[in-house]
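Peer 1: Whenever a hint applies, use it, and build me the whole structure from the sequences.
Here the protein sequences come in this chain order: A and B.
No gaps in the numbering here: position 292 of the first sequence is 292 in full-length UniProt numbering, and each next residue is one more.
No gaps in the numbering here: position 225 of the second sequence is 225 in full-length UniProt numbering, and each next residue is one more.
Everything labelled a hint here was simulated from the structure, so no lab data went into it.
Since we're looking at a predicted model, the values are computed, not measured.
By construction, the Cβ of each residue, glycine as well, lies at the ideal position given by its N, Cα and C atoms.
Some hints here could point you the wrong way.
[What the hints assert, rightly or not] Covered stretches of chain B, as calculated for chain A (at least 3 residues, CB under 8 angstroms):
#, region
1, 127-139
2, 296-308
3, 312-320
[Stated by the list, open to error] Under the rule of at most 25 angstroms between Cα atoms (straight-line distance), these lysine-lysine pairs were calculated in the DSS-like manner:
#, chain 1, residue 1, chain 2, residue 2
4, A, K141, A, K176
5, B, K102, B, K56
6, B, K121, A, K45
7, A, K122, A, K52
8, A, K56, A, K40
9, B, K109, B, K37
10, B, K37, B, K56
11, B, K121, A, K56
12, B, K235, A, K252
13, A, K122, A, K40
14, B, K187, B, K235
15, A, K252, B, K234
16, A, K56, B, K157
17, B, K187, B, K174
18, B, K121, A, K52
19, B, K66, B, K37
20, B, K121, B, K109
21, B, K157, B, K174
22, B, K231, A, K252
23, B, K25, B, K66
24, A, K137, A, K194
[Unchecked claim] Some residues of chain B that are not near chain A, with every Cβ distance over 12 angstroms (derived):
#, residue
25, A13
26, K25
27, T49
28, I51
29, K101
30, I150
31, R167
32, S170
33, S171
34, R196
35, F197
36, I228
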Amino acid sequence: MDEINLETFILHLKRKVVAGSFHVSQKTAQVLRHYISISKWPNAKVIIDQIKSIGKRLIDAQPLEFCIGNIVRRVLFIIREEYITLKRNLPNLIRLDSSKNNLLTYEDPDTIDYSSHIPTLKSQVIEAIGELIEEMKGLHKNVAEHAIEHIHSNEIIMTFGCSRTVEQFLVEAARKRKFGVIVVESAPSLEGRKTALTLSKNPNIDVTLIPDSAIFALMSRVNKVIIGTHAVMANGGLIAPSGTHSLVVAAKYHSVPIVVCTGLYKLCPLYAYDQDTFNDFGSPGEYLKFQEAEYLVNVHSYNPSFDYIPPELVSLFITNNGGHNPSYIYRLLQEYYDPRDMLEDDDEDVNNNNNNNNNNSEISQK
Amino acid sequence: MSSSSTPAATKNAWVIEEFGTMIQKESEIPIAIPAVKVLTQAIQQSQATTIMGLQKELDEIINILKGCEYNTSISLSSVCSLFVRFVTRTSLDFPVFDDYKKTLIERGKQLSHRSSTARTKISQLADRFIRDGITILVHGYSRVALAVLINSHAQGKRFNVIVTESRPDSSGYKTALRLQSAGIQVKLIMDGAVSRFMDKVDYVLCGAEAIVENGGILNKVGTYQISIVAKAFKKPFYVAAESFKFTRTYPLNQTDVESIKNENVVGSPSICKTCSNLDKPESLTIDSPTLDYTPPSYITLLFTDLGVLTPSAVSDELIKLYN
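Peer 2: Right under this line is the structure:
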């Protein structure tokens, strides 16, 4: 049962049946919870290894959907935390220092033994993952709660693309204040139009839709730029839909503050080094009709999906647990993830090999 | 007091001897490792029966270490204060003195082990930042930075390195030779030519003598100006250094560097050979500092054995440590 569930989920990820960071994260957490509850495992070590190898398969299915990895890491972190808390309550066991990564705590993280059998661990872990899922459900609301503090009456806000978090944030502010929103159309996906449509239904928001080319021209009259993002990287940089970088640079030029609304599940412990590290090429069909292509034989056409935005261009992150400075992001990472759960390729080759073998056998069965 | 200090000095004569032999045996190891080893050994040999007594003995030994001729780096005093901090902090956890002593010895061994594995750990972390085909600018002679580059090259990465000459001691020459013998493409340039080459560079990588409280670094003179050039060209500036180089100082300007630098740290006052051969009027003042201070705003990330840190994370670690 669980295997089917997992396999279909992987297939759905690959075919983008399940898409969008929020849905993918929710589903990932549910699938992992289901797996943990249904499978038999003697101790935390076994289940950590299993979740790691599943996590890698999920990430491989959709490598640029960073939140999959984030949720897997959160789940692993939950297992480790619950294990240590439960173990500490057991008698005759060494006390572990809770402050992680400290120069003075010489507890080598690798020496913590996860192989004790603790009967209550399973139910505790399942409950904690349940809390994580609940937390994610309430996330947009939690982010939106901060709206009143950041948006004032008669301000002009510029926003980009279509982000549910930003939409709810603006709508929440509009309950008490009247203000204007300039929505950038966001070519080639033109998702900004959707945002403009949704916001225009609110009587307190005065919506203006502009093409991407007009960003700089209108920036001088904007009070604040509020955007969503695809992922937040470990240094506080963003992986955001392409076009965002030019918006942010224009805002910087005019010293307009740039506020990023995001749920913490988008916080990713990886580093983007430049524009190419994490990027994807979409179909040029969004802006170039197939019929027209024959007249443009000698023309190259690229449609990159993302922009990397360095942390110094971001003024503030508004997350479901409050506002944070970009330089504070590393601290949040320590709170939510364990350094052993990086889930990168060179992590454990043994697991990879096992996966490959599994995959091969599945293929041969088919 | 004077009567008690003389036997203490003879009693602790082994310290310098031991420290010296350890350093001479392996010139490539960071100074922190022999220091921690000596301190651990001191605890082992100690006849003290109280925590206060032990701490006093350690203080004496640290003073000897700091005063000896082998003290060539700021990191010695930072690792000593780290050790002392640890000794005082642990004292609250153990009501029985023998347990306390045993834990200290064990942790001391762990600390020296950790310090010796730090470079490997940093190399692994930094490996992700090195991609095929990039060009890295290196300044000075940093064993950590060298370890990072050589490790990545051994992993099969192919990249170019530009090394500055790093006057006055021309340590960049040594760096270039080491890299070349490892099979890495190296180009040696003059210190003054940094901005001439900066557009070809993907990022700057350098080591550090010390990492200070605000996340800035003290390093080989010239680091500061390279970081400014890197910032002007919008290139990342990375620092690779072990965590025992975290120092509890807060320089506000370049003149503060002098006071942080230990008096025993030998710095040659000469500039380069060509200059010193020239006839110079007696009235001409020549100054040749060895270190400068790079403020945190010019540093993109620090690769340490505690992980890849932003400069503000450094202050966090230090606060956690000494709070």
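Peer 1: None of the hints should be skipped; say for each whether it holds.
Peer 2: Evaluation of the provided hints:
1. 127-139: holds (count 3)
2. 296-308: Three-residue rule met by the region 296-308 of chain B, so holds; n is 5.
3. 312-320: holds (count 5)
4. K141/A x K176/A: holds, 16 angstroms
5. K102/B x K56/B: Status holds; Cα separation ~18 angstroms.
6. K121/B x K45/A: holds, 23 angstroms
7. K122/A x K52/A: holds, 17 angstroms
8. K56/A x K40/A: holds, 20 angstroms
9. K109/B x K37/B: Measuring from Cα to Cα gives roughly 7 angstroms; hence the hint holds.
10. K37/B x K56/B: Given pair K37/B, K56/B holds - Cα atoms ~18 angstroms apart, limit 25 angstroms.
11. K121/B x K56/A: holds, 23 angstroms
12. K235/B x K252/A: holds, 18 angstroms
13. K122/A x K40/A: holds, 10 angstroms
14. K187/B x K235/B: With Cα atoms ~19 angstroms apart, K187/B and K235/B stay inside 25 angstroms; holds.
15. K252/A x K234/B: holds, 15 angstroms
16. K56/A x K157/B: holds, 24 angstroms
17. K187/B x K174/B: holds, 12 angstroms
18. K121/B x K52/A: Holds, at roughly 22 angstroms.
19. K66/B x K37/B: holds, 15 angstroms
20. K121/B x K109/B: OK: K121/B and K109/B at ~18 angstroms, within 25 angstroms.
21. K157/B x K174/B: The given pair, whose Cα atoms are some 22 angstroms apart, holds under the 25 angstroms limit.
22. K231/B x K252/A: holds, 17 angstroms
23. K25/B x K66/B: Given that 25 angstroms is the threshold and the Cα spacing comes to 20 angstroms, the pair holds.
24. K137/A x K194/A: holds, 22 angstroms
25. A13: Fine: 30 angstroms to the nearest Cβ keeps A13/B off the interface.
26. K25: holds, 25 angstroms
27. T49: Its Cβ never comes within 12 angstroms of chain A, the nearest being 25 angstroms, so this holds.
28. I51: Non-interface label on I51/B holds, nearest chain A Cβ at 17 angstroms vs cutoff 12 angstroms.
29. K101: About 16 angstroms separates K101/B from the closest Cβ of chain A, which puts it past 12 angstroms; holds.
30. I150: Non-interface label on I150/B holds, nearest chain A Cβ at 18 angstroms vs cutoff 12 angstroms.
31. R167: Correct as stated: the minimum Cβ-Cβ distance to chain A is 31 angstroms, above 12 angstroms.
32. S170: Label holds. Min Cβ-Cβ 31 angstroms, cutoff 12 angstroms.
33. S171: holds, 28 angstroms
34. R196: Holds, because the least Cβ-Cβ distance between R196/B and chain A comes to about 23 angstroms, which exceeds 12 angstroms.
35. F197: holds, 19 angstroms
36. I228: holds, 15 angstroms
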